[in-house]
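Numbering (the UniProt record's numbering), first residue to last: 1 to 570.
Treat each hint with caution, since some may be false.
[To be verified] In silico DSSO-like cross-links for lysine-lysine, where the CA-CA straight-line distance does not exceed 30 Å:
1) 247 - 291
2) 247 - 319
3) 226 - 87
Treat the hints as calculated values from the structure; they're not laboratory data.
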Amino acid sequence: MADEGLVSHKRGPIKASVGNAAAQRRRQHAVTVGKERREALMRTKRLCRVGVSGDFDEASIDDSDMMIEEDQAILEALTSAAVEELKLDVAYQYGEYFLFCYEEVLVANKFALPFFFGAPPSLLDRGLENDFCRSLHWGKGATEKRVNALRELRRFLSRSEFPPVEAALQAGAVPLLIQCLSFGSPDEQLLLTSYTHVTESSHIEISLSCLLLEAAWCLTNIAAGKPEETKALLPALPLLVAHLGEKSSLHVVEQCAWALGNVAGESEELRNVLLLQGALPALARMLLPNKRSTVRTAAWALSNLIKGPDPRAATELIKIDGIPDRIVRHLKKGDDELATEVAWVVVYLTALSNVATTILAKSDLVQVLVEILDMSTSLQLLIPVLRSLGNLVAGDAIQALVKCLKSEHRILNKEAAWVLSNIAAGSVEHKRLIYSSEAMPLLLNLLSKAAFDIKKEVAYVLGNICVAPAEGSGRPNVILDHLVNLVHGGCLTGFLDLVRSADVEAARLGLQFIELVLRGMPNGEGPKLVEREDGIDAMERYQFHENEELRNMANELVDSYFGEEYGLDE
(Lines of atoms letter the chains of each structure in order from A; the text may use other names.)
(Lines give C-alpha, C1' and ligand atoms only; values in the text may rest on other atoms or scores of the structure.)
Protein backbone atom coordinates (compact mmCIF):
# COMPACT_ATOMS: atom_id res chain seq x y z
CA MET A 1 0.00 0.00 0.00
CA ALA A 2 1.37 3.41 -0.94
CA ASP A 3 0.56 4.95 2.43
CA GLU A 4 2.76 2.59 4.35
CA GLY A 5 5.96 3.74 2.70
CA LEU A 6 5.65 7.35 3.83
CA VAL A 7 7.09 8.67 7.06
CA SER A 8 4.57 10.05 9.53
CA HIS A 9 5.40 12.74 12.07
CA LYS A 10 2.23 12.46 14.13
CA ARG A 11 2.39 12.36 17.89
CA GLY A 12 3.62 9.38 19.82
CA PRO A 13 4.79 8.87 23.41
CA ILE A 14 7.90 10.88 24.23
CA LYS A 15 10.18 7.83 23.99
CA ALA A 16 9.08 7.42 20.38
CA SER A 17 8.08 10.97 19.51
CA VAL A 18 9.26 10.55 15.93
CA GLY A 19 9.18 6.78 15.85
CA ASN A 20 7.29 4.16 13.88
CA ALA A 21 4.40 3.93 16.35
CA ALA A 22 3.23 7.45 15.57
CA ALA A 23 1.13 6.68 12.49
CA GLN A 24 -0.70 3.86 14.23
CA ARG A 25 -1.48 6.13 17.19
CA ARG A 26 -2.81 8.78 14.83
CA ARG A 27 -5.12 6.29 13.12
CA GLN A 28 -6.42 4.99 16.43
CA HIS A 29 -7.11 8.58 17.44
CA ALA A 30 -9.12 9.11 14.26
CA VAL A 31 -11.29 6.09 15.06
CA THR A 32 -11.77 7.38 18.61
CA VAL A 33 -12.83 10.75 17.24
CA GLY A 34 -15.40 9.00 15.04
CA LYS A 35 -16.91 7.27 18.06
CA GLU A 36 -17.00 10.53 20.02
CA ARG A 37 -18.99 12.27 17.31
CA ARG A 38 -21.95 9.97 17.86
CA GLU A 39 -22.69 11.38 21.30
CA ALA A 40 -20.83 14.68 21.33
CA LEU A 41 -20.71 17.76 19.15
CA MET A 42 -21.59 16.18 15.82
CA ARG A 43 -23.61 13.01 15.81
CA THR A 44 -22.44 10.31 13.47
CA LYS A 45 -26.03 9.62 12.39
CA ARG A 46 -28.65 12.32 12.01
CA LEU A 47 -32.42 12.18 12.02
CA CYS A 48 -33.99 14.28 9.28
CA ARG A 49 -36.90 16.43 10.49
CA VAL A 50 -36.62 19.35 8.05
CA GLY A 51 -36.41 18.74 4.32
CA VAL A 52 -33.21 19.26 2.33
CA SER A 53 -34.96 21.69 -0.03
CA GLY A 54 -36.94 24.81 0.71
CA ASP A 55 -39.14 24.12 -2.32
CA PHE A 56 -41.38 21.79 -0.35
CA ASP A 57 -42.94 23.72 2.51
CA GLU A 58 -44.93 20.72 3.59
CA ALA A 59 -41.71 18.78 4.24
CA SER A 60 -41.13 20.21 7.69
CA ILE A 61 -41.96 18.98 11.16
CA ASP A 62 -43.20 21.59 13.61
CA ASP A 63 -42.22 21.35 17.26
CA SER A 64 -45.93 21.21 17.99
CA ASP A 65 -46.13 18.00 15.94
CA MET A 66 -43.59 16.23 18.13
CA MET A 67 -44.95 13.37 20.19
CA ILE A 68 -43.86 12.83 23.77
CA GLU A 69 -42.52 9.53 25.05
CA GLU A 70 -45.85 8.47 26.57
CA ASP A 71 -47.37 8.49 23.08
CA GLN A 72 -44.85 6.00 21.73
CA ALA A 73 -47.30 3.08 21.59
CA ILE A 74 -49.81 5.23 19.71
CA LEU A 75 -47.09 6.40 17.34
CA GLU A 76 -46.01 2.83 16.60
CA ALA A 77 -49.62 1.84 15.84
CA LEU A 78 -50.05 4.82 13.53
CA THR A 79 -46.78 3.97 11.79
CA SER A 80 -47.89 0.39 11.17
CA ALA A 81 -51.18 1.68 9.79
CA ALA A 82 -49.33 4.11 7.50
CA VAL A 83 -47.24 1.25 6.09
CA GLU A 84 -50.41 -0.76 5.44
CA GLU A 85 -51.91 2.23 3.62
CA LEU A 86 -48.78 2.51 1.52
CA LYS A 87 -49.08 -1.18 0.64
CA LEU A 88 -52.57 -0.57 -0.70
CA ASP A 89 -51.46 2.40 -2.77
CA VAL A 90 -48.50 0.53 -4.20
CA ALA A 91 -50.70 -2.47 -4.97
CA TYR A 92 -53.25 -0.20 -6.64
CA GLN A 93 -51.66 -0.68 -10.02
CA TYR A 94 -52.95 1.59 -12.69
CA GLY A 95 -51.11 -0.51 -15.26
CA GLU A 96 -54.29 -2.50 -15.93
CA TYR A 97 -56.23 0.64 -16.77
CA PHE A 98 -53.33 1.89 -18.87
CA LEU A 99 -53.30 -1.36 -20.86
CA PHE A 100 -57.06 -1.09 -21.33
CA CYS A 101 -56.61 2.40 -22.81
CA TYR A 102 -53.77 1.08 -24.95
CA GLU A 103 -55.96 -1.67 -26.43
CA GLU A 104 -59.21 0.22 -26.81
CA VAL A 105 -57.93 3.64 -27.84
CA LEU A 106 -54.47 3.26 -29.35
CA VAL A 107 -54.23 -0.11 -31.04
CA ALA A 108 -57.56 0.44 -32.83
CA ASN A 109 -56.15 3.53 -34.56
CA LYS A 110 -53.52 3.21 -37.23
CA PHE A 111 -51.78 6.39 -36.06
CA ALA A 112 -51.60 5.38 -32.41
CA LEU A 113 -48.43 3.31 -32.37
CA PRO A 114 -46.26 5.92 -34.18
CA PHE A 115 -47.36 8.50 -31.61
CA PHE A 116 -46.77 6.14 -28.71
CA PHE A 117 -43.17 5.66 -29.76
CA GLY A 118 -42.42 9.36 -30.20
CA ALA A 119 -44.00 10.51 -33.48
CA PRO A 120 -45.39 14.08 -33.57
CA PRO A 121 -48.79 14.48 -31.91
CA SER A 122 -50.23 16.00 -35.10
CA LEU A 123 -50.56 12.45 -36.44
CA LEU A 124 -53.15 11.70 -33.80
CA ASP A 125 -56.80 12.33 -33.99
CA ARG A 126 -57.69 15.04 -31.42
CA GLY A 127 -60.35 12.88 -29.82
CA LEU A 128 -57.91 10.03 -29.31
CA GLU A 129 -55.36 12.44 -27.81
CA ASN A 130 -57.90 13.68 -25.28
CA ASP A 131 -58.79 10.12 -24.28
CA PHE A 132 -55.11 9.28 -23.92
CA CYS A 133 -54.44 12.33 -21.75
CA ARG A 134 -57.34 11.42 -19.48
CA SER A 135 -55.73 8.03 -18.92
CA LEU A 136 -52.42 9.68 -18.12
CA HIS A 137 -54.02 12.07 -15.64
CA TRP A 138 -55.44 8.99 -13.94
CA GLY A 139 -51.87 7.67 -13.63
CA LYS A 140 -50.71 10.96 -12.19
CA GLY A 141 -53.37 10.65 -9.50
CA ALA A 142 -52.05 7.22 -8.53
CA THR A 143 -48.56 8.67 -8.11
CA GLU A 144 -49.90 11.43 -5.90
CA LYS A 145 -51.68 8.86 -3.74
CA ARG A 146 -48.36 7.15 -3.16
CA VAL A 147 -46.70 10.49 -2.35
CA ASN A 148 -49.36 11.24 0.27
CA ALA A 149 -48.98 7.80 1.83
CA LEU A 150 -45.20 8.19 1.94
CA ARG A 151 -45.48 11.64 3.43
CA GLU A 152 -47.67 10.31 6.21
CA LEU A 153 -45.16 7.56 7.00
CA ARG A 154 -42.30 10.04 6.91
CA ARG A 155 -44.07 12.33 9.38
CA PHE A 156 -44.42 9.47 11.85
CA LEU A 157 -40.73 8.58 11.45
CA SER A 158 -39.83 12.20 12.28
CA ARG A 159 -42.10 12.93 15.22
CA SER A 160 -40.21 11.50 18.17
CA GLU A 161 -36.81 11.45 19.78
CA PHE A 162 -37.17 7.68 19.40
CA PRO A 163 -38.72 7.17 15.95
CA PRO A 164 -40.89 4.06 15.52
CA VAL A 165 -38.40 2.46 13.14
CA GLU A 166 -38.94 -1.06 14.47
CA ALA A 167 -42.70 -0.80 13.91
CA ALA A 168 -42.12 0.36 10.34
CA LEU A 169 -39.71 -2.49 9.63
CA GLN A 170 -42.01 -5.13 11.11
CA ALA A 171 -44.85 -3.83 8.95
CA GLY A 172 -42.69 -4.30 5.83
CA ALA A 173 -41.76 -0.70 5.00
CA VAL A 174 -38.36 -1.24 3.39
CA PRO A 175 -39.47 -3.31 0.34
CA LEU A 176 -42.20 -0.74 -0.34
CA LEU A 177 -39.76 2.15 -0.09
CA ILE A 178 -37.37 0.36 -2.43
CA GLN A 179 -40.20 -0.04 -4.95
CA CYS A 180 -41.05 3.65 -4.70
CA LEU A 181 -37.39 4.56 -5.09
CA SER A 182 -36.98 2.43 -8.22
CA PHE A 183 -38.94 4.79 -10.50
CA GLY A 184 -41.84 2.35 -10.66
CA SER A 185 -42.47 -0.25 -13.33
CA PRO A 186 -41.38 0.12 -16.97
CA ASP A 187 -44.99 0.92 -17.90
CA GLU A 188 -45.00 3.78 -15.39
CA GLN A 189 -41.78 5.20 -16.79
CA LEU A 190 -43.19 5.00 -20.32
CA LEU A 191 -46.35 6.67 -19.08
CA LEU A 192 -44.30 9.59 -17.69
CA THR A 193 -42.43 10.01 -21.00
CA SER A 194 -45.59 10.00 -23.09
CA TYR A 195 -47.44 12.34 -20.74
CA THR A 196 -44.67 14.95 -20.85
CA HIS A 197 -44.60 14.70 -24.66
CA VAL A 198 -48.36 15.18 -25.07
CA THR A 199 -49.06 17.92 -22.52
CA GLU A 200 -45.69 19.75 -22.25
CA SER A 201 -46.27 19.83 -18.48
CA SER A 202 -43.82 19.11 -15.67
CA HIS A 203 -46.47 18.40 -13.05
CA ILE A 204 -46.09 14.63 -13.16
CA GLU A 205 -42.31 15.02 -13.04
CA ILE A 206 -42.72 17.02 -9.83
CA SER A 207 -44.97 14.29 -8.45
CA LEU A 208 -42.35 11.66 -9.23
CA SER A 209 -39.67 13.85 -7.66
CA CYS A 210 -41.78 14.15 -4.51
CA LEU A 211 -42.24 10.38 -4.53
CA LEU A 212 -38.48 9.81 -4.62
CA LEU A 213 -37.81 12.49 -2.01
CA GLU A 214 -40.32 11.09 0.48
CA ALA A 215 -39.08 7.51 -0.02
CA ALA A 216 -35.45 8.56 0.49
CA TRP A 217 -36.45 10.61 3.53
CA CYS A 218 -38.13 7.61 5.14
CA LEU A 219 -35.02 5.51 4.48
CA THR A 220 -32.86 8.27 5.96
CA ASN A 221 -34.67 8.16 9.28
CA ILE A 222 -34.74 4.36 9.34
CA ALA A 223 -30.96 4.43 8.81
CA ALA A 224 -30.64 6.73 11.84
CA GLY A 225 -31.94 3.94 14.06
CA LYS A 226 -30.25 1.07 15.85
CA PRO A 227 -27.50 -0.99 14.16
CA GLU A 228 -29.82 -3.84 13.16
CA GLU A 229 -32.34 -1.31 11.82
CA THR A 230 -29.68 0.38 9.71
CA LYS A 231 -28.61 -2.97 8.26
CA ALA A 232 -32.18 -3.53 7.07
CA LEU A 233 -31.43 -0.93 4.36
CA LEU A 234 -28.84 -3.11 2.60
CA PRO A 235 -31.18 -3.91 -0.34
CA ALA A 236 -31.85 -0.18 -0.84
CA LEU A 237 -28.21 0.93 -1.00
CA PRO A 238 -27.68 0.45 -4.78
CA LEU A 239 -30.71 2.63 -5.53
CA LEU A 240 -29.62 5.33 -3.08
CA VAL A 241 -26.21 5.44 -4.76
CA ALA A 242 -27.82 5.48 -8.21
CA HIS A 243 -29.91 8.51 -7.31
CA LEU A 244 -26.74 10.52 -6.67
CA GLY A 245 -26.36 10.75 -10.45
CA GLU A 246 -26.94 13.75 -12.66
CA LYS A 247 -30.43 12.67 -13.77
CA SER A 248 -31.92 13.04 -10.29
CA SER A 249 -33.24 16.35 -8.99
CA LEU A 250 -30.99 18.15 -6.54
CA HIS A 251 -33.12 17.73 -3.43
CA VAL A 252 -33.47 13.99 -4.13
CA VAL A 253 -29.68 13.76 -4.49
CA GLU A 254 -29.16 15.53 -1.16
CA GLN A 255 -31.66 13.32 0.64
CA CYS A 256 -30.09 10.13 -0.71
CA ALA A 257 -26.65 11.42 0.36
CA TRP A 258 -28.04 12.00 3.85
CA ALA A 259 -29.35 8.42 3.98
CA LEU A 260 -25.99 7.05 2.83
CA GLY A 261 -24.21 9.17 5.44
CA ASN A 262 -26.31 7.57 8.16
CA VAL A 263 -25.51 4.10 6.84
CA ALA A 264 -21.79 4.87 6.60
CA GLY A 265 -21.81 6.16 10.15
CA GLU A 266 -22.99 2.83 11.54
CA SER A 267 -20.06 0.48 11.02
CA GLU A 268 -16.94 -0.38 9.06
CA GLU A 269 -18.81 -3.31 7.51
CA LEU A 270 -21.46 -1.04 5.98
CA ARG A 271 -18.83 1.47 4.87
CA ASN A 272 -17.10 -1.30 2.93
CA VAL A 273 -20.39 -2.24 1.26
CA LEU A 274 -20.95 1.37 0.18
CA LEU A 275 -17.41 1.68 -1.14
CA LEU A 276 -17.86 -1.44 -3.26
CA GLN A 277 -21.10 0.00 -4.66
CA GLY A 278 -19.43 3.22 -5.82
CA ALA A 279 -20.70 5.64 -3.18
CA LEU A 280 -17.34 7.42 -2.77
CA PRO A 281 -16.94 8.93 -6.28
CA ALA A 282 -20.67 9.70 -6.41
CA LEU A 283 -20.52 11.66 -3.14
CA ALA A 284 -17.24 13.29 -4.15
CA ARG A 285 -18.88 14.73 -7.28
CA MET A 286 -21.28 16.56 -4.98
CA LEU A 287 -18.37 18.61 -3.63
CA LEU A 288 -17.71 20.13 -7.04
CA PRO A 289 -20.78 22.41 -7.44
CA ASN A 290 -21.10 25.59 -5.40
CA LYS A 291 -24.53 24.90 -3.89
CA ARG A 292 -23.82 25.04 -0.19
CA SER A 293 -26.48 22.68 1.10
CA THR A 294 -25.37 20.03 -1.41
CA VAL A 295 -21.71 20.38 -0.46
CA ARG A 296 -22.53 20.39 3.26
CA THR A 297 -24.53 17.16 3.05
CA ALA A 298 -21.95 15.47 0.83
CA ALA A 299 -19.05 16.49 3.08
CA TRP A 300 -20.81 15.13 6.16
CA ALA A 301 -21.57 11.83 4.39
CA LEU A 302 -17.99 11.58 3.12
CA SER A 303 -16.54 12.18 6.58
CA ASN A 304 -18.51 9.14 7.75
CA LEU A 305 -17.54 7.06 4.72
CA ILE A 306 -13.76 7.61 4.89
CA LYS A 307 -13.25 7.50 8.65
CA GLY A 308 -11.52 4.17 8.58
CA PRO A 309 -9.75 2.50 10.11
CA ASP A 310 -8.72 1.39 6.59
CA PRO A 311 -6.97 4.36 4.91
CA ARG A 312 -7.74 3.32 1.32
CA ALA A 313 -10.98 5.28 1.06
CA ALA A 314 -9.29 8.49 2.24
CA THR A 315 -6.49 7.98 -0.28
CA GLU A 316 -8.98 7.30 -3.08
CA LEU A 317 -10.93 10.46 -2.27
CA ILE A 318 -7.94 12.82 -2.28
CA LYS A 319 -6.82 11.45 -5.67
CA ILE A 320 -10.11 12.37 -7.36
CA ASP A 321 -9.49 15.25 -9.74
CA GLY A 322 -10.41 18.63 -8.27
CA ILE A 323 -11.07 17.48 -4.70
CA PRO A 324 -8.03 19.12 -2.99
CA ASP A 325 -8.82 22.49 -4.62
CA ARG A 326 -12.50 22.24 -3.70
CA ILE A 327 -11.71 21.42 -0.09
CA VAL A 328 -9.59 24.56 0.22
CA ARG A 329 -12.16 26.67 -1.62
CA HIS A 330 -15.09 25.55 0.57
CA LEU A 331 -13.09 26.18 3.74
CA LYS A 332 -12.14 29.63 2.51
CA LYS A 333 -15.49 30.73 1.05
CA GLY A 334 -18.07 28.69 2.99
CA ASP A 335 -20.07 29.72 6.03
CA ASP A 336 -19.24 28.19 9.43
CA GLU A 337 -21.67 25.29 9.01
CA LEU A 338 -20.30 24.30 5.61
CA ALA A 339 -16.69 24.82 6.68
CA THR A 340 -17.26 22.62 9.74
CA GLU A 341 -18.35 19.64 7.63
CA VAL A 342 -15.49 20.10 5.17
CA ALA A 343 -13.02 20.44 8.05
CA TRP A 344 -14.11 17.03 9.38
CA VAL A 345 -13.32 15.56 5.96
CA VAL A 346 -9.84 17.06 6.30
CA VAL A 347 -9.51 15.54 9.79
CA TYR A 348 -10.03 12.01 8.48
CA LEU A 349 -8.01 12.54 5.30
CA THR A 350 -4.98 13.74 7.24
CA ALA A 351 -5.44 11.27 10.09
CA LEU A 352 -5.67 8.16 7.94
CA SER A 353 -3.83 8.79 4.67
CA ASN A 354 -0.23 9.94 4.38
CA VAL A 355 -0.88 10.47 0.68
CA ALA A 356 -3.69 12.90 1.53
CA THR A 357 -1.55 14.65 4.14
CA THR A 358 1.25 15.18 1.62
CA ILE A 359 -1.10 16.52 -1.07
CA LEU A 360 -2.95 18.86 1.28
CA ALA A 361 0.24 20.12 2.94
CA LYS A 362 1.44 21.33 -0.47
CA SER A 363 -1.77 23.34 -0.99
CA ASP A 364 -2.93 26.53 0.73
CA LEU A 365 -4.79 24.47 3.32
CA VAL A 366 -2.53 25.21 6.29
CA GLN A 367 -2.79 28.95 5.72
CA VAL A 368 -6.57 28.74 5.41
CA LEU A 369 -6.86 26.68 8.60
CA VAL A 370 -4.70 29.11 10.52
CA GLU A 371 -6.83 32.02 9.30
CA ILE A 372 -9.98 30.23 10.47
CA LEU A 373 -8.34 29.54 13.81
CA ASP A 374 -7.48 33.20 14.18
CA MET A 375 -10.81 34.65 13.02
CA SER A 376 -13.61 32.20 13.87
CA THR A 377 -15.48 32.06 17.16
CA SER A 378 -17.44 28.89 16.29
CA LEU A 379 -16.58 26.12 18.73
CA GLN A 380 -17.90 23.43 16.38
CA LEU A 381 -15.66 24.69 13.56
CA LEU A 382 -12.54 25.25 15.64
CA ILE A 383 -12.43 21.65 16.90
CA PRO A 384 -11.95 19.96 13.48
CA VAL A 385 -9.68 22.81 12.38
CA LEU A 386 -7.44 22.17 15.38
CA ARG A 387 -7.37 18.44 14.73
CA SER A 388 -6.55 19.00 11.07
CA LEU A 389 -3.66 21.28 11.96
CA GLY A 390 -2.42 18.72 14.46
CA ASN A 391 -2.41 16.04 11.77
CA LEU A 392 -0.63 18.35 9.31
CA VAL A 393 2.00 19.32 11.91
CA ALA A 394 1.91 22.98 11.00
CA GLY A 395 4.56 25.03 12.79
CA ASP A 396 3.03 28.23 11.42
CA ALA A 397 -0.09 27.61 13.51
CA ILE A 398 1.54 28.04 16.91
CA GLN A 399 0.63 31.67 17.44
CA ALA A 400 -2.98 30.99 16.52
CA LEU A 401 -3.06 28.08 18.98
CA VAL A 402 -2.14 30.41 21.82
CA LYS A 403 -5.60 31.94 21.46
CA CYS A 404 -7.15 28.53 22.13
CA LEU A 405 -4.92 27.86 25.13
CA LYS A 406 -6.23 31.12 26.62
CA SER A 407 -9.85 30.24 25.89
CA GLU A 408 -12.39 29.62 28.64
CA HIS A 409 -13.63 26.58 26.70
CA ARG A 410 -11.85 23.56 28.16
CA ILE A 411 -12.33 21.58 24.97
CA LEU A 412 -10.36 24.19 23.02
CA ASN A 413 -7.59 23.99 25.62
CA LYS A 414 -7.43 20.23 25.15
CA GLU A 415 -7.56 20.32 21.34
CA ALA A 416 -4.91 23.04 21.14
CA ALA A 417 -2.63 21.01 23.40
CA TRP A 418 -3.19 17.97 21.18
CA VAL A 419 -2.20 19.97 18.10
CA LEU A 420 0.91 21.27 19.84
CA SER A 421 1.86 17.74 20.90
CA ASN A 422 1.85 16.73 17.24
CA ILE A 423 3.95 19.74 16.29
CA ALA A 424 6.35 18.97 19.15
CA ALA A 425 6.74 15.41 17.83
CA GLY A 426 8.14 16.78 14.59
CA SER A 427 11.48 18.37 13.85
CA VAL A 428 13.80 20.06 16.34
CA GLU A 429 12.89 23.35 14.66
CA HIS A 430 9.23 22.74 15.53
CA LYS A 431 10.16 22.01 19.14
CA ARG A 432 12.12 25.25 19.39
CA LEU A 433 9.24 27.22 17.87
CA ILE A 434 6.94 26.04 20.66
CA TYR A 435 9.60 26.49 23.33
CA SER A 436 10.21 30.12 22.34
CA SER A 437 6.52 30.98 21.93
CA GLU A 438 3.92 32.51 24.22
CA ALA A 439 2.44 29.02 24.58
CA MET A 440 5.01 27.85 27.14
CA PRO A 441 3.79 29.68 30.29
CA LEU A 442 0.22 28.79 29.34
CA LEU A 443 1.13 25.10 29.04
CA LEU A 444 2.92 25.07 32.40
CA ASN A 445 -0.08 26.68 34.05
CA LEU A 446 -2.46 24.12 32.50
CA LEU A 447 -0.23 21.25 33.66
CA SER A 448 -0.62 22.37 37.25
CA LYS A 449 -4.22 23.59 37.32
CA ALA A 450 -6.27 22.11 34.47
CA ALA A 451 -8.52 19.04 34.46
CA PHE A 452 -6.79 15.67 34.23
CA ASP A 453 -7.48 15.01 30.53
CA ILE A 454 -6.03 18.42 29.61
CA LYS A 455 -2.99 17.82 31.84
CA LYS A 456 -2.27 14.62 29.94
CA GLU A 457 -2.34 16.38 26.56
CA VAL A 458 -0.10 19.17 27.91
CA ALA A 459 2.34 16.57 29.26
CA TYR A 460 2.74 15.17 25.75
CA VAL A 461 3.68 18.64 24.49
CA LEU A 462 6.24 19.31 27.24
CA GLY A 463 7.70 15.82 27.04
CA ASN A 464 8.14 15.93 23.28
CA ILE A 465 9.75 19.38 23.46
CA CYS A 466 12.55 17.93 25.60
CA VAL A 467 13.67 15.08 23.33
CA ALA A 468 15.29 14.76 19.93
CA PRO A 469 15.33 11.57 17.84
CA ALA A 470 18.23 9.24 18.49
CA GLU A 471 20.11 7.25 15.91
CA GLY A 472 18.83 3.71 15.59
CA SER A 473 16.42 2.46 18.23
CA GLY A 474 18.14 3.90 21.29
CA ARG A 475 16.76 6.26 23.87
CA PRO A 476 15.94 9.75 22.57
CA ASN A 477 18.48 12.48 23.11
CA VAL A 478 17.70 15.16 25.66
CA ILE A 479 17.40 18.78 24.55
CA LEU A 480 19.13 20.05 27.65
CA ASP A 481 18.16 23.72 27.74
CA HIS A 482 14.49 22.84 27.22
CA LEU A 483 14.52 20.24 29.98
CA VAL A 484 16.36 22.40 32.50
CA ASN A 485 14.10 25.41 32.05
CA LEU A 486 10.92 23.34 32.18
CA VAL A 487 11.97 21.59 35.38
CA HIS A 488 12.99 24.88 36.97
CA GLY A 489 9.65 26.25 35.81
CA GLY A 490 7.88 23.74 38.06
CA CYS A 491 6.68 21.05 35.67
CA LEU A 492 8.14 18.14 37.67
CA THR A 493 5.28 18.23 40.18
CA GLY A 494 2.75 17.91 37.39
CA PHE A 495 4.47 14.90 35.88
CA LEU A 496 4.71 13.17 39.27
CA ASP A 497 0.97 13.73 39.67
CA LEU A 498 0.55 11.72 36.46
CA VAL A 499 2.76 8.96 37.89
CA ARG A 500 0.47 8.77 40.93
CA SER A 501 -2.70 8.58 38.79
CA ALA A 502 -4.62 5.39 38.02
CA ASP A 503 -4.47 6.10 34.29
CA VAL A 504 -1.92 3.74 32.71
CA GLU A 505 -1.13 6.00 29.74
CA ALA A 506 -0.65 9.02 32.01
CA ALA A 507 1.51 7.06 34.45
CA ARG A 508 3.71 5.81 31.60
CA LEU A 509 4.07 9.37 30.31
CA GLY A 510 5.03 10.59 33.80
CA LEU A 511 7.64 7.86 34.27
CA GLN A 512 9.15 8.64 30.86
CA PHE A 513 9.60 12.27 31.83
CA ILE A 514 11.07 11.30 35.23
CA GLU A 515 13.61 9.18 33.34
CA LEU A 516 14.58 12.27 31.31
CA VAL A 517 15.05 14.29 34.51
CA LEU A 518 17.12 11.60 36.23
CA ARG A 519 19.29 11.05 33.16
CA GLY A 520 19.51 14.52 31.72
CA MET A 521 19.69 17.15 34.45
CA PRO A 522 23.28 18.43 34.79
CA ASN A 523 25.57 17.90 37.78
CA GLY A 524 23.58 14.89 39.01
CA GLU A 525 20.76 17.21 40.05
CA GLY A 526 17.98 14.96 38.75
CA PRO A 527 17.71 12.38 41.59
CA LYS A 528 17.72 15.12 44.24
CA LEU A 529 14.93 17.01 42.49
CA VAL A 530 12.83 13.86 42.16
CA GLU A 531 13.40 12.90 45.81
CA ARG A 532 12.48 16.41 46.96
CA GLU A 533 9.06 16.01 45.27
CA ASP A 534 8.49 12.57 46.90
CA GLY A 535 9.15 10.95 43.55
CA ILE A 536 10.71 7.82 45.07
CA ASP A 537 7.48 6.99 46.88
CA ALA A 538 5.52 7.67 43.69
CA MET A 539 7.63 5.15 41.77
CA GLU A 540 7.78 2.51 44.52
CA ARG A 541 4.00 2.17 44.43
CA TYR A 542 4.56 0.28 41.15
CA GLN A 543 6.87 -2.27 42.77
CA PHE A 544 4.15 -4.95 42.63
CA HIS A 545 1.85 -3.33 40.08
CA GLU A 546 -0.22 -5.58 37.80
CA ASN A 547 0.94 -3.73 34.68
CA GLU A 548 4.26 -5.30 33.79
CA GLU A 549 5.50 -2.38 31.67
CA LEU A 550 4.90 0.19 34.43
CA ARG A 551 6.33 -2.15 37.07
CA ASN A 552 9.54 -2.71 35.11
CA MET A 553 9.94 0.99 34.26
CA ALA A 554 9.51 2.17 37.85
CA ASN A 555 11.67 -0.55 39.40
CA GLU A 556 14.48 0.06 36.90
CA LEU A 557 14.49 3.79 37.65
CA VAL A 558 14.53 3.25 41.42
CA ASP A 559 17.28 0.61 41.21
CA SER A 560 19.41 2.64 38.80
CA TYR A 561 19.23 6.04 40.46
CA PHE A 562 18.24 5.35 44.09
CA GLY A 563 20.14 2.15 44.89
CA GLU A 564 22.24 1.30 47.92
CA GLU A 565 24.94 3.86 47.09
CA TYR A 566 22.50 6.76 46.65
CA GLY A 567 23.37 9.61 49.07
CA LEU A 568 26.66 8.16 50.34
CA ASP A 569 28.67 11.03 48.91
CA GLU A 570 26.79 13.46 51.11
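Now for the hints, and whether the structure bears them out:
For the suggested pair residue 247 and residue 291, the alpha carbons sit about 17 Å apart, so the restraint of at most 30 Å is met. Of the pairs offered as hints, the one joining residue 247 and residue 319 holds, with about 25 Å between alpha carbons and a cut-off of 30 Å not exceeded. Annotation: proposed proximity of residue 226 to residue 87 holds, straight-line Cα distance about 24 Å (limit 30 Å).
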